[in-house]
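Residue numbers in the sequence shown follow this note's numbering, run continuously in steps of one, and reach 517 at the last position.
Check before you lean on any hint, since a few could be wrong.
[Said to hold, decoys possible] Calculated cross-link-like contacts (lysine-lysine; reagent style DSS-like; alpha-carbon spacing at most 27 Å):
no., residue 1, residue 2
1, LYS86, LYS201
2, LYS301, LYS342
3, LYS201, LYS342
4, LYS339, LYS376
5, LYS431, LYS376
6, LYS111, LYS431
7, LYS431, LYS399
8, LYS301, LYS399
9, LYS224, LYS158
10, LYS108, LYS86
Hints were generated in silico from the structure; no laboratory data involved.
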Amino acid sequence: MAFSRRQVLGLMGGAACLPAARAQGIPPITSGPFQPTRESLSGYRVPEWFRDAKFGIWAHWGPQSAPEYGDWYARNMYIEGHRQYKYHLRRYGHPSKFGFKDVIPTWKAEKFDPDALMALYKKAGAKYFVSMGVHHDNFDLWNSRHQRWNSVNMGPRKDIVGLFRAAARREGLRFGVSEHLAVSYNWFQTSHGADKDGEYKGVPYDGANPEYAELYHETHPAPKHAWEQSNVPEKWKRRWFERIKDLLDQYEPDLLYTDGPIFFEEWGLSLTAHLYNMSAKKTGGAVETVYANKGKTDCVKGICLLDLERGVVDRIWEEPWQTDTCIGTWHYNVEAKYKTTKIIIDMLVDIVSRNGNLLLNFPLPSSGALDPEELKILDGITQWMSVNSEAIYATRPWKTFGGGPSTGVPTGSQGAGSHHAAGAFNERNRKELGPRDVRYVQKGRTLYAFSMGWGEKEVIFPELAPGGEWRTGKIQRVSLLGFPGALRWKQEARGLAIQMPEQKPCDHAVVFRVEGA
Numbered sequence: 001m002a003f004s005r006r007q008v009l010g011l012m013g014g015a016a017c018l019p020a021a022r023a024q025g026i027p028p029i030t031s032g033p034f035q036p037t038r039e040s041l042s043g044y045r046v047p048e049w050f051r052d053a054k055f056g057i058w059a060h061w062g063p064q065s066a067p068e069y070g071d072w073y074a075r076n077m078y079i080e081g082h083r084q085y086k087y088h089l090r091r092y093g094h095p096s097k098f099g100f101k102d103v104i105p106t107w108k109a110e111k112f113d114p115d116a117l118m119a120l121y122k123k124a125g126a127k128y129f130v131s132m133g134v135h136h137d138n139f140d141l142w143n144s145r146h147q148r149w150n151s152v153n154m155g156p157r158k159d160i161v162g163l164f165r166a167a168a169r170r171e172g173l174r175f176g177v178s179e180h181l182a183v184s185y186n187w188f189q190t191s192h193g194a195d196k197d198g199e200y201k202g203v204p205y206d207g208a209n210p211e212y213a214e215l216y217h218e219t220h221p222a223p224k225h226a227w228e229q230s231n232v233p234e235k236w237k238r239r240w241f242e243r244i245k246d247l248l249d250q251y252e253p254d255l256l257y258t259d260g261p262i263f264f265e266e267w268g269l270s271l272t273a274h275l276y277n278m279s280a281k282k283t284g285g286a287v288e289t290v291y292a293n294k295g296k297t298d299c300v301k302g303i304c305l306l307d308l309e310r311g312v313v314d315r316i317w318e319e320p321w322q323t324d325t326c327i328g329t330w331h332y333n334v335e336a337k338y339k340t341t342k343i344i345i346d347m348l349v350d351i352v353s354r355n356g357n358l359l360l361n362f363p364l365p366s367s368g369a370l371d372p373e374e375l376k377i378l379d380g381i382t383q384w385m386s387v388n389s390e391a392i393y394a395t396r397p398w399k400t401f402g403g404g405p406s407t408g409v410p411t412g413s414q415g416a417g418s419h420h421a422a423g424a425f426n427e428r429n430r431k432e433l434g435p436r437d438v439r440y441v442q443k444g445r446t447l448y449a450f451s452m453g454w455g456e457k458e459v460i461f462p463e464l465a466p467g468g469e470w471r472t473g474k475i476q477r478v479s480l481l482g483f484p485g486a487l488r489w490k491q492e493a494r495g496l497a498i499q500m501p502e503q504k505p506c507d508h509a510v511v512f513r514v515e516g517a
C-alpha cells in the first residue's frame with residue numbers, strides 16, 4: 001500500500017486531533033502518513049502479501065500451557081467449583097498457597113525447537129506465523145522493558161517472541177504477534193477472591209497480596225464481563241500502550257492481532273497509527289503491516305483487518321478478512337478433541353472462497369513439542385497442500401463463493417462482548433461439506449472449482465452453466481489438480497458436468513482447473 005502526495009495530505013488532515021491524544025498523556029509515536037484518528041486511519045488498506053498468503057499458523061502458548069488443562073486457566077483456577085479449580089487442587093494445592101505465580105516456574109519449554117516447528121509449518125503451507133505476545137494472564141513472552149513478569153526473567157528464561165521471529169524469518173515466513181492484554185485488568189480479578197465454603201472459606205487467594213500486584217493487578221470491583229472498559233484507570237491504559245508499543249518496536253511484526261476491538265480509544269488509535277507509520281518509514285512509503293482485530297465498527301470503516309474468532313462470514317466480502325480458530329482448545333489441553341484434517345481443509349477452502357484467510361492455532365504442550373496427533377494433522381494438511389496449493393495462494397474470489405446442500409452458514413453468537421461481528425463463533429454449527437458442495441476462486445483468467453469431497457461418479461458445478469445467473473463463458477479446458485490424465489466433461493444447461501476418474505489425487509476436497517469461463 002503506497003501513498004500519493006494527495007493521499008498523504010488527506011491522511012494528514014487528522015493532525016488537528018493529535019493534541020487530544022497528547023492531552024491524554026500518550027507518549028509520542030512514529031510520525032508518518034497516519035494520525036491517531038479514525039478519519040485518518042480509515043485510509044488504511046490491507047497489503048497484497050496478506051491477500052495472497054491465505055493460510056497462517058499460530059502458537060497459543062505460555063505459562064497457562066504448563067498445567068496442560070485448557071484455556072483461561074489463570075482465571076478459572078480461582079473460581080471455586082470450576083473444573084480447572086478442582087484440577088488445580090488435585091495437582092498443585094489450594095490457590096491461596098499455590099497460585100498462578102507458582103505455576104509460572106513450572107513452564108520449562110524444555111523441548112522447544114522453533115526452527116523445527118517453523119520448518120513443519122512452512123511445509124504444511126503456512127505463509128505467515130503468529131506468536132503469542134501476551135495473554136490475559138499479564139505475562140509477557142519477550143524481554144519486556146515494562147513488565148518484569150516475562151519469559152526471559154522466569155519460567156523458560158527464553159525470549160519466546162524473539163526466537164519464533166528469528167525462525168520465521170529464516171524460513172521466509174511473514175511474522176506476527178498476538179496481544180490479549182487489555183482485558184487483563186478485570187479478567188484477573190478472580191485471583192483476589194476466596195472460597196465461599198469448605199476448609200479454606202474466606203482465605204484470600206494469592207492475588208490479593210499487594211506484593212504481587214504487578215502480575216495480578218490491584219484489588220478492585222470487577223464488572224460482570226472482563227471486556228468492560230468503563231472502570232479501567234488511565235494508568236492501566238498507559239501500561240497496556242507502553243508494553244504493546246515495546247513489543248512492536250523490538251520485533252517489528254508484519255501482523256499484529258488484538259483479542260478484541262481497538263481498546264481505550266485514543267490510546268488504541270495511537271498504537272494503530274504507530275504500527276502503520278513504522279512500516280511506512282521502513283519501506284519508504286508503503287504500509288506492509290496488518291492489524292487484525294475483532295471490532296466490527298473498527299474494521300468496517302477500514303481502520304484494520306476484521307478477524308472473526310471461530311467463524312465464517314456469510315458471503316464474499318469486498319475487503320479481506322481473517323478467521324482465527326484452533327484445532328482444539330486455545331491453550332493445550334490433554335483432554336481436547338481435535339478437528340479432523342477434512343474439517344480444516346473444508347474451512348480453509350470455504351474461507352478463501354469468501355475473500356478470507358485462515359489463521360490456525362496448534363496449541364503447544366508445556367514442553368514446546370507438538371503431540372503425535374497434532375503432527376498427524378499437520379501431515380494431512382501438508383499432503384493436501386502439496387497437490388492443491390496453486391488454488392489457494394494468490395487467488396481472489398470469483399462471482400460467487402459456491403453452492404451446494406451444506407452451503408448455509410449460521411449466524412454465530414456475539415461471544416464475550418458486543419464488539420464481535422456477525423459470524424463469530426458459528427463454526428460449531430457448520431455442516432460437514434461433501435462432494436456436491438462446491439466452491440470457487442480465480443487467479444487471473446483461470447478459475448478453480450472445488451468439489452468438497454470424493455465419492456460421486458459425476459460432479460456438477462451448476463454455477464458454470466453457459467450464460468445463466470453468473471454469465472459463464474464457453475469453457476475451453478478442464479483438468480484435475482494432481483491427476484495427469486484427460487477428463488471427460490461437458491458444459492451444459494445443468495452446469496459443468498465432469499466424469500470423475502478412478503484415481504483419487506488427494507483426500508478431502510479436489511480441485512479442477514477451469515480455463516475459459
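How the hints compare with the structure:
Restraint check for LYS86 and LYS201: the C-alpha separation of about 15 Å stays at or below 27 Å, so the hint holds. The suggested pairing of LYS301 with LYS342 is violated, with an alpha-carbon distance near 35 Å, which exceeds 27 Å. Distance restraint check for LYS201 and LYS342: the Cα-Cα separation of roughly 49 Å exceeds the 27 Å cut-off, and the hinted pair is therefore not satisfied. Of the pairs offered as hints, the one joining LYS339 and LYS376 holds, with about 12 Å between alpha carbons and a cut-off of 27 Å not exceeded.
Restraint check for LYS431 and LYS376: satisfied, since their Cα atoms lie roughly 23 Å apart, inside the 27 Å limit. Distance hint between LYS111 and LYS431 is unfulfilled; the C-alpha atoms sit about 38 Å from each other, more than 27 Å. Only pairs whose Cα atoms come within 27 Å are accepted, and LYS431 paired with LYS399 is accepted, the gap being roughly 23 Å. With a C-alpha separation of about 24 Å, the suggested pair LYS301 and LYS399 falls inside the 27 Å cut-off, and the hint holds.
For the hint linking LYS224 to LYS158, the alpha-carbon distance of about 35 Å lies beyond 27 Å, and the restraint is violated. Straight-line distance between C-alpha atoms of LYS108 and LYS86 comes to about 23 Å, which keeps the hinted pair within the 27 Å bound.
Of the hints listed earlier, those the structure fails to meet are numbers 2, 3, 6 and 9, in rising order.
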